[in-house]
Every structure is written in structure tokens, then in C-alpha cells.
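Engineer: Chain A with the ligand: place on chain D using the hints.
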Amino acid sequence: MAEYKWPDADKRTQIGKRIARLDGAVKVSGKAKYNSDLNRPGMLHGKVLRSPHAHAKIISIDTSAAEQMPGVKAVHIINGVGFEIRWAGENIVAVAALDEPTAEDAIRAIKVQYEKLPHLVVDHDLKIAGEWATPTNESKKGDYEKGFAEAEVIHEGVYGMPVITHCCLEPHGSVTEWEDDNLLVHLSTQAVSGIAAQMATPMEIPAGKIRVKQDHIGGGFGSKFGPDAWDVAGAKLSKKAGGKPVRIFLERDAELMVAGTRPSHYAKVKIGAKKDGTLTAWQSESWGSGGPNGSGSPPLPYVIDIPNQSRKHVSIANHVGPSRAWRAPNHPQACFVTMSALEDLAAKLNMDPLEFVLKNKALLGTRKDNYADELMLAAEKIGWKKTWHPRGDKTPGPIKRGLGLSFHTWGGGGHASDCDLVIQPDGSVEVRMGTQDLGVGTRTALAIVAADTLALPLEAIKISIGDNRFPASGGSGGSTTIGGISASTRRASLDALDKIFEKAAPTLNAQPAELEAIGGKIQVKGDASRSLTWAQACAKLGAMPITVRGKNPGPGPLTSQGVGGVQMADVAVDIETGIVKINKIVAVQDCGLIINLKLTESQVYGALIMGVCWALYEEKINDQTTGKTLNANMEFYKLAGIGDIGQLEVHMMTGKGYDERGVIGIGEPPAVSPGAVISNAVANAIGVRVPGLPLTPDRVLAALETKGGR
Amino acid sequence: MNAFEYASPTTKEQAVKLLGNSWTEAEVLAGGTDLLSLMKDHIVEPKRLVNIKSIKELGGIAGTAKSGLRIGALVTIQELLDHPRMRKEYAALVQAAEGISSPQIRNMGTIGGDLCQRPRCWYYRAGFGLLGTQESGEPLVPNGDNRYHAILGNSGAALFVNPSSLAPALIAMNARVKIYGAKGQREVALEKFFTAPTTGSQREYDLQPNELVTEIIVPPLARAKSATYEVRQKEALDWPLTTASVVLTMTGNTVKAARIVLGHVAPTPWRSTEAEAAIVGKAVSEATAEAAGKAAVEKAKALSKNGYKIQLAKVAVKRAILLAAKGGTR
Ligand SMILES: Cc1cc2nc3c(=O)[nH]c(=O)nc-3n(C[C@H](O)[C@H](O)[C@H](O)COP(=O)(O)OP(=O)(O)OC[C@H]3O[C@@H](n4cnc5c(N)ncnc54)[C@H](O)[C@@H]3O)c2cc1C
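Here the protein sequences line up with chains D and A, keeping their order. Each residue of the first sequence is one higher than the one before, counting from 1 in the numbering used here. Each residue of the second sequence is one higher than the one before, counting from 1001 in the numbering used here.
Just chain A, with the same shape it has in the complex:
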């Protein structure tokens, strides 16, 4: 790890001043569960770390059944799981969080960090740059080992998958993210927050180097049914092969509105309007859920070694819909 300066501001105004104008200057430090490994491996080498854990206003979960929720960026994954309203009203988020099956990570990792964590692409993590390229500029992923890479949204330069399990659930819930920066406060739909970079110096999300995620706003969901289905090989700590989060608004057994978002299949969380269209207006059954799964992967394109993920994505969508319709409990 390179030597770095460490700052621990107590307000977001101070924090933003300490952040730099380029990504190489400073990094935000939350739980550190991702950032520190990146630094130890010399993948990210900030000159300054801005620890945000002392900024009180970035913590806490607040809200009512009517107003929805405000989740501070510093809320840990475990705090999400422990919050009394979550399990009942936001099943998809709880199930996504449960998939992060390491108590240590859940206790340290924050929701802001989960959304802003960097891709797990092994070429990126081995020092071949965000997009995984050889010195010649030749991309490594298409001809390399891409078993865990993208099957959707993979026609550009970015072939990694977005690593966040919480993001698809939050996007399915139509969450918004509040950002504070040198130019003040702004708010974006979380769905619009993630981007697929076209060069290795870009980030995978809509943040400037001097901006912070401060909170996540989740609309009320009390009357919707939601679920996340994660395909993960191991019970023990393991990355998902794919996840699907769904939020269904139902009349009886008929779906009136749906939001379906896949995780770990594309460089960004992947909202599938095709799957949504396939299930809206239908009664939920094995057959309609299966059809929605099929629709979700209609445009999927396998790389050389990840064709199996198309099947997994299809099943994840099907099972998430069935799970949600059942009331979100397995």
C-alpha cells in the first residue's frame, strides 16, 4: 500500500473540500471492506483518504410507512437487516442483503459503499485496468476467462458485472440517491446512477471525484410485493452468479405493475423492461414467471465462457417473481 494522507471530517461540507478534483487525488473511505483491498493490491492509489464514518448525518434509517425510507449512506448491511420495518416492507432489499453472507462484511460494509464498490473482474483486480486490457490496448476479457462476466449490456468496452446486490433491489424499489458535492446537493434515480464506462479512467457511476453519496430514498412499498432471488453456488461467503429483484404491485393474483432488475449480469444493474412487460397484466404462475424470465434474457449475448449465466438469469427472474407473489418468504 502506498503512503497516503488520512482525513476524518465530521461534516459533509468539510468532507467535500477534502476530496479532489480528479480520482487519483482522494477516495472516500466508509467501511473500507472494498477500498482497503484495492489499495493493498495497488489497484487504487489515492493520495488522501477521506474517512466519512465520523459524519453523523450520514447514518441512520428514518421514515414512515407513508413517506418511505431515508437510509443514510453509512448504514451498515447488518443495520439494514436488523431494522424492524425492513423485513416486512422491503423483503427484496433484506433478501439481497442476506446474500452478503459474511458477518464481518455485513458489520463493516455500508450501503453507500455497496453501491460504490468497484467491479470484481479478475483482470481489473490483477492490475489490467478497469476494462481489462493488455499493454497493447487489446481487451483481455473476450478471449480470456469470462465465466463471471456480463451477458447483457456487453456490446461496449465494459464487460465486468456490477458487483452490488443491493442496487438491483433498490432500483426495483424505485429508489433515489442523494449526492452532495462541491456544487451542492443533487438527487438522481438510482437507476440512472450507474453507467458503463467506455474508458478505463471513468467510474461505473455518476459521481464526480468531489461528490459523496449521502443517502438513499426508498418510496413506500407497504402494499407491493417484493423479493430477491440470488443464484449463488455456495452457502458460505460467495459472490452471486446472478440475482433478480422484483417489486410487484398486484390486484389479487394479477400483476398491475412490475419492476424487475437483475444483478451481476451487466456492467450496471440491469432493469429488464422486457420481463416487466411480460408479467404485467398476467396472473402469476409458473408459466408466466417462466415467460418473464425468458423475456429478461431475450437480448442476452454470451461471451465465450458465460453462456450458462443466461440460464441462471432466466431462472432468477422466474423464481424472484414466484417468491414475491408468495409474499416474499421462502
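For reference, chain D alone in the conformation it holds in the complex:
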């Protein structure tokens, strides 16, 4: 029986190294086919008529003109008469036609009568939310009144961040087609194995008849876990059109309006400490919204477990496209509010926030020592000692520089995952798994684990994923993929190796337990003279391949959960224009044992880039009068370009104290802090808190105004 653990550091041949992604070449050369690139034979183009109103009832629908239009092959009503529309852009009717322009003409020819109902699409002011606001969470810990009585310095502030979208480069959508009564779905998804079950009910067919395929995805960030109404509509249109493939991928405006958002979050905070910085109490009244389902309740105060707390949260169910999981749901919101309040209190205490946090280290939970190490390391890399100054850069001229810090946490334990490792008698190795590569390097990670375990080069491992006919593996959410897929693959590889040892042992005149895999050979431990090449050993399988199933969860400490990270930012603010530029961001992050250092760092870079976007630019702007999203385009829904991002430095914590935790996910944690850390750096630069994100010139100038002139 194999011992299910990761190899010791000195035995790792691939694990933890910097390895370029295996699909890099096909991606940069354009050979990689995303599902939105597919052009299947005879493919029809689908379009969806969307509601112009944020809240309305459908009174009548007349599709006759569309149906009679030459080139239109099928019409399907998604939401019919009597349906209550709860956001602008809601799906009403889908049409499939020979080409896109015809489909577009067809949906424009459909006549829908609406009865308009009152709507709410803004959320910054709780007072105007009225009946749509519901208290969802009220909790206390310790005695917050006593805590504030003990406090010698108290800070009160209001902080807020708006609804933003996921802004996937590849929009949501699918190409669906029928082969007899089997449905083939090429879906842009984060959950290849989980789609069939979700589609079976609306399609009224057994899940076993639904095949889901995806080689590459252009972004999901939490918004692509299920088939959407338009995907189901596509499959129905395809059926009506005799099974012909139907392509429906959202237009950019629809993508920004209806394909998911991150809920807004606003909070009134009161926080108190003793003069020496010891935190004593926290009180927050927060609210947020994210469409008809309201908002979650972000975990306030974040990471730092202040002894006495009172928290209230109100969720506003308003009339905008519904929220979906967005990279570390609830954490960026909680982090921004908490870190801002901490920094503001530190300023009031006349303390360096770094010292202030370290003073309260005991409140940082089980990984407090890791946080302390990460804080010190980040401080060194950003030059905290040299560059940090008390609030307000006193150097002359309009450009003010400041530093800020933030820290965060996440779970990220491995999800359920089945892995089939197939070894052919000629020595070929294939990993089969119904997982997906979100662009993060899942293929590469699978190859690394199998290759390291079997002592083979990376190229020797064929990776087959992105198809629900392969063994089921969890959706890529909650940063659970790497923990799950690496553990199941490690178990499969170790078990397979045992089988090869069994077959090879007689030839080597040894017991299977005496063998090891090393450098492409199977040999008696420590004795290179008694060895078989991998191919010779596999030849002992005879004519038949072996397939070994590895599972997660399973035996051995291969994955666990709980990570931390610290970020520090260095910014420059033009106080005459309110424009914020990033000089540098340092991210120090732990995530247990790292499978591929290069792509792990790459995840952190990506999170920082996304973070600069929402810290400085992103905001879904909804118009209360018309109920519409005014910036459902890439001109005014602003994202950073390369020149806006500044210098990024990433440091992963590895080695003792980290590797023993096993493999833990990384996608989400580094995406938590950027808003907080940039906002804190701006406050340090200009001497006043800009209470809202994104840090646009209007907000920065307004904050400077409250400070009393520039």
C-alpha cells in the first residue's frame, strides 16, 4: 500500500518548480479553440430578446413577424405572458436564424407589451430601499458597549463599494446540438462535470444523455457554474431546428447586464482601541445589494477578531441583473471595510498601521505567526520603513505618495475529484478527468503531479480534461480545484505505480515494496544496476492497459484548507485632478504546498490586475429613472490597461510551515485585498479617506474637499 503523502522537498522533480503552462503555445498562436470560437457544420445563430424594463409584467408577446422572417429557423419563448421581469436585460424570447443579422432582425420584430412596475436599481442609500430592504443578519460577540467604554480612541466611518461585474473576456454562452436524442453542449463553464445534471430538468431528458465539452474558457471568475437560461433556450431552439447546432454567446452589453455581478457593500463602522493600539470593540451596520436575491453578509470584522462586536446587515433585493459568486464572495467587501476602518483608527491613534496590526497580532487567529512573517516580508519589499509617513504626504507639489497595507484569508481545500490514470503497455500515460482549465494551468498541474510521481518527463503525460465523459471532478469555485485534482491524481499515480512495481518485481528479483520510480526507471531502491526502463516495466502489463482510479477526498494529508496573505501598495495621487496611479503593489501569499510556482504567481498577478481594475475604475452604473445600466460597454465600464497597473511583485511563502499543509487553492485569496490596500495607500498619500470605491477623480476630489481644500 502506498503512503499517500507528497514527496519531501529533496525528492520533488517537478512539483514546486517554475513550469510554463503546457497550453501556452496553442493559446498564443490562436490554435486553442474556445467554445465561442466554434463554427459547427450547419450552425445557426441565436439571439435573445431582452427586457428594456427593470421591473415589469409581460402582458403579451407576438412572435409572428419573427417566425415568418426568411432565414429564421426557430423561435422559443423563454419567459411568457404573466412573467414578472425583475431586471433590465431579462431573457424573453430566443430566436435561431441562419446568420446573426437575421436573428437580430427577428428579435427586433417581436412585439412585447409590458406593464411597468416600480423599480429600484440603486443601492448606496439604505433610506430609499424601502420595502426592498430586509435585515438578514444580526450578531453580537462579547460586550461591545463595554468594549467601547474601554476604548480611549474611537473612529467612526462610512465605507462603500458598488456593484461590479465579472467582465469575462469570453462571454457566457454555448453551442448546443442534438445527435438523435442526445444533447451535445459546448458551454463556456467552470463546471464541466456538473452541467448535465443541471440541464436535465429543464430539458426533460436524462442527464446521461447530455454531453458537455470545453477545451478552454475565457474567464469565469465565479459566474459560470451553471447552464444559463439562454443555453437551455439554445438547446430547445436546436431541437426545433432538427438538431442543428445553435450558437448563443452574449453580446457585450448583455454580458455586463445579466451575466453576474459582485454585490455592493456599504457599512457604517465604529471601531475603538486603547491608546496603545489594543483593539477593544467593533460595531457595524452594513447593507448591500446584488439584484433580486439581495446580497450576502460579508464577514465583518475581517480576519481580525476584535473581542467585542456588534454587527447588523441588511440585504437589498433590487432590480438589477442577479449577482453570482465573484472571486472570493463577500471577502473583498469585508476586507475593504475592515482594513479601511483599521487604517483610519491607526491614523487617529497616530500609529503606523503596520505596528498597529502587529500590536493586535493575537487577534489574527491560528495563522497569526504566518501573518506576522508575511507583514514583515511585504514591508521589506515595499520599503515601508523608508517610505511610509504619517497621513498626508507633506512634500510640495500636486503629486502625493502613500503606502497602505491589507491582509486576507480564504479556505481553498480540495474539492471532490475522480482521476483515471491510464497506463498502456507501451508506457503511455494518460490522465482523464472531467475537470476544466480555467486558464490557471490545470492541465499543467495534472501533468506535474503525475510526472513527478511516476518519475517521468512532463511530455510523457497526456492530459484529457474538459469532457463530462471523464471521471467527475468538482466545479472550479472556491479555489478548490488544485487541492482536489492534485490529490486525486497523486493517489491514482501512487496506486498505479504500485501496480507497475508488482509487475516489475519478479524480473528485478525483488519485492514490490523494495522498488522505486526514479529518472524514468523502475529500480530497486538505491540500486541503479537493478532497474527497468519505464517502457520495459510497462511491457509487463501484457496486452491490456490498466486504469487506476484516484479519488479526493481520500487517505493521507494531501490537501487542507486555510491560507493567508498580505498586500502592500505604493500609490501616487494627483491632488489637483484626483487621479490615482499605482507605483507598486507587493503581494506575499501562502497556499500550502505549491505544485507550480510560476502559474501560482501568475494567479496572484492576475488577482492584482483585476484588483487594480475594481479599486480604480469598475462600477456598474445603473440609472434609477430608466432602470438601465448606462455603461454596459467597454468604454465606460472601465478596466485597466497595461500602463495603469504599475509594478507588481509577488512572493509565495513556501517551505517549512507551509508545505506540510498540503495543496490549497490560490485563485481567490489574492483577489481580496487590492481594493483595501489601494484605498489605504491613497488615504496615506492625501491625508484623508476616500470612503468609496472605485477611486475615481470625482470621489478623490470630493474627499479632499471635506478635508478643507487642496
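By construction, these hints were calculated from the structure, which means they are not laboratory data. What you are looking at is a predicted structure, and each value in this text was computed from that prediction instead of being measured. Just to be clear, a hint being listed does not mean it is correct.
Said to hold, decoys possible - Label pairs and their in silico Cβ distance ranges: (1) A:K1305 x D:K5: 24 to 34 Å; (2) A:G1281 x D:G218: 51 to 61 Å; (3) D:A25 x A:V1188: 48 to 58 Å; (4) A:S1304 x D:T387: 36 to 46 Å.
Unchecked claim - Derived coverage of chain A by chain D (criterion: at least 3 residues anywhere in the stretch with Cβ under 8 Å from a Cβ of chain D; other residues may be distant): (5) 1113-1123; (6) 1185-1195; (7) 1238-1249.
Glycine residues also receive a C-beta, built at the ideal position from the N, C-alpha and C atoms.
Structural biologist: Chain A with the ligand in isolation, oriented as in the chain D frame:
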């Protein structure tokens, strides 16, 4: 996009015949970087497109240091930037063009198209008409999200901002625009070319549906100092929040004459005679430039959400003056 007829004349005489007598009949197609998006969004729905890119005489930059420049309407923004004389003699125009920070737009977009492009007001672009009104006729901008709207010249019905970054620079340079139409040739000062519409069926410039912009005439500027300062949030492709273009004629450090024009602050490019008066006769310094900036926004009036633009306009004017006095290089 609706079906349309496509014509590709090779002379301006043919082009004008193909244009209609009302705006709904035909549209001029140059680089298409604005027009095609408007058509895809059904904001503009011409029955015929008249492509002017095959009309040779509408291209090219010509002229001498003495005579000034003649810039054909089809000259692309990138061609402006690449022209050897531009950078030295027409810094304000080059800096304005550099603000259009997308190579794709610079390669396709033309100077004529930049001047005639339609407002970016998001109510207009969402189908609420040029002036942004509800079905009831109630205007949307005053009570809506007007963070990017006008702070000057905003007492009428038009509250959008003129989107052109090149126009303020050209107006500061006292450029003229040549127009060819069914009734022949005419020439207007670019400053007079832009108008604030009072109804949604008017255009934002002085053109008849059957007229074309053929060229822009820029007087010689070799001895003036010019600059454009753009306040733009992002380095990457982004619309200016405000721009200021200035042309200063100086004796030593003293300003003898000035033309100061702001962009993205009003329904038309906004010439500020107040700012000009504030700087003329003065030596350029932080203080005098600041005073000119203040003068530029004296009459500014904030809508509900765009008060910050008053500050931006003030700073843009100040910085453009300082930049120009330094010789136009940052
Ligand atoms: C994302 C984005 C960012 C941008 N940022 C900026 C910016 O910062 N500053 C800026 O100034 N511009 C900016 N632009 C606008 C860009 O400069 C214009 O789209 C471009 O200059 C238009 O030129 P075109 O030749 O493509 O015009 P077209 O799209 O072909 O035409 C635009 C309009 O002008 C009319 N027209 C064109 N030529 C003539 C002519 N000769 N006579 C009469 N009418 C004519 C057309 O009928 C149409 O109504 C941006 C555009 C985009 C898409």
C-alpha cells in the same frame, strides 16, 4: 444593423449627389469607428452609406511654414501624428491626437470623422435621443447620471459634451473648415462650426445633410507656443474628462495673445475668452496660469454629479498654459 445601400464615389461631386436632403437618408462613412457602432446600436439608421474613402482629394497634408497647413478630411489620426512638421509646429494638435490612445482608432479614425463624431452621452447611446429624453419629453440628464456631462454652456437643452479632442486644439489654432455641398463650396471658422442643438433632430455642427467636410486649414503657427493638456483617468484607452488646448504668442515670457479652448466640458468645444483675457499681458507663472484656469470656469455650473469637472477644467487650463510656455514638451 438595418439593411442599407452602400455607395463608394470617387469624387466629392458624386458624393454630394448621393447624400440626401434629410439626415435619415444618408450618412457619410469615413473610418467608420464611430458611425458603425451607432448603426449597430440602431442609434443612426441611414438608408444609404456614402463611403468617402475613395475620394483622393480628401486625403493628404500639404502646406508650408508660411502658408500654414491644409489637412484633408480623410487624414487619419495616426497620419497627423506621423507628419514631420506636426510635432514641432503644432504641438497642441499632436498632444490632443496622442490622447486618443488606441492604435486601432488612430489608424482608422479620420480628422473629419473626429470633428463630426456624435456625442458619447450614454443616454443618447442607449436610444433616448440626442438630448436624452424620456417618452414624456422629460429630460433624463439633469436628474440622472451626469458625471461626464457639461459644466459650461449647459443652460440649454443639450447637456452632452462635444467628444472631439482635436477640435479644441484646432480652434485654438484658429483653424477653418472647408465644406463642399450641393450648393458648392464654403468655408467657416471651426470655432463657428459647432453648435448646441435645441432639438433632438438637429446636429451638433453646421453641416447640411448633403454637405461634406473636405479639409481643415490651419494657419502658420511656427512662432507660437502651443499645448494640449488632457485629464484622463486611465493611461489606456479612455475618454478625456476634460482637455484644454492653448496657443500662446509670446514676447519673452509675456503673453501677447492667447487662444484657449476647452474640450469635453460643453456641448461644443469651449473657447474661454475669460481665460485668454486673464493671461494676456502677463508673464506665465504658476500664479497667472492658475488665475487663467480660475477665469475659465468662472461661469461654469455643475449639474448634480459633475461638479468635480469644474476643478478638472481649471487644472487643465493651468497645466496647458504652463506646458505651452515651456515649449510644449512635457
Ligand atoms: C473607444 C473610443 C475612444 C475614443 N477616444 C477618443 C478621444 O479620446 N478623443 C477623440 O477626439 N476621439 C476619440 N474617439 C473617437 C474617434 O476619434 C472617432 O471615432 C474617429 O475620429 C471618427 O473618425 P472616423 O473616420 O472613423 O469617422 P466615422 O465613424 O466614419 O464617422 C463619424 C461621423 O462623422 C461623419 N463624417 C465623417 N467624415 C465626415 C466628413 N468628411 N464630412 C462630413 N461628415 C463626416 C459621419 O457621417 C459620422 O456621423 C474614440 C473612439 C472610440 C471608439
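Engineer: For which of the previously enumerated hints does the structure constitute a violation, in increasing order of number?
Structural biologist: 1 and 6
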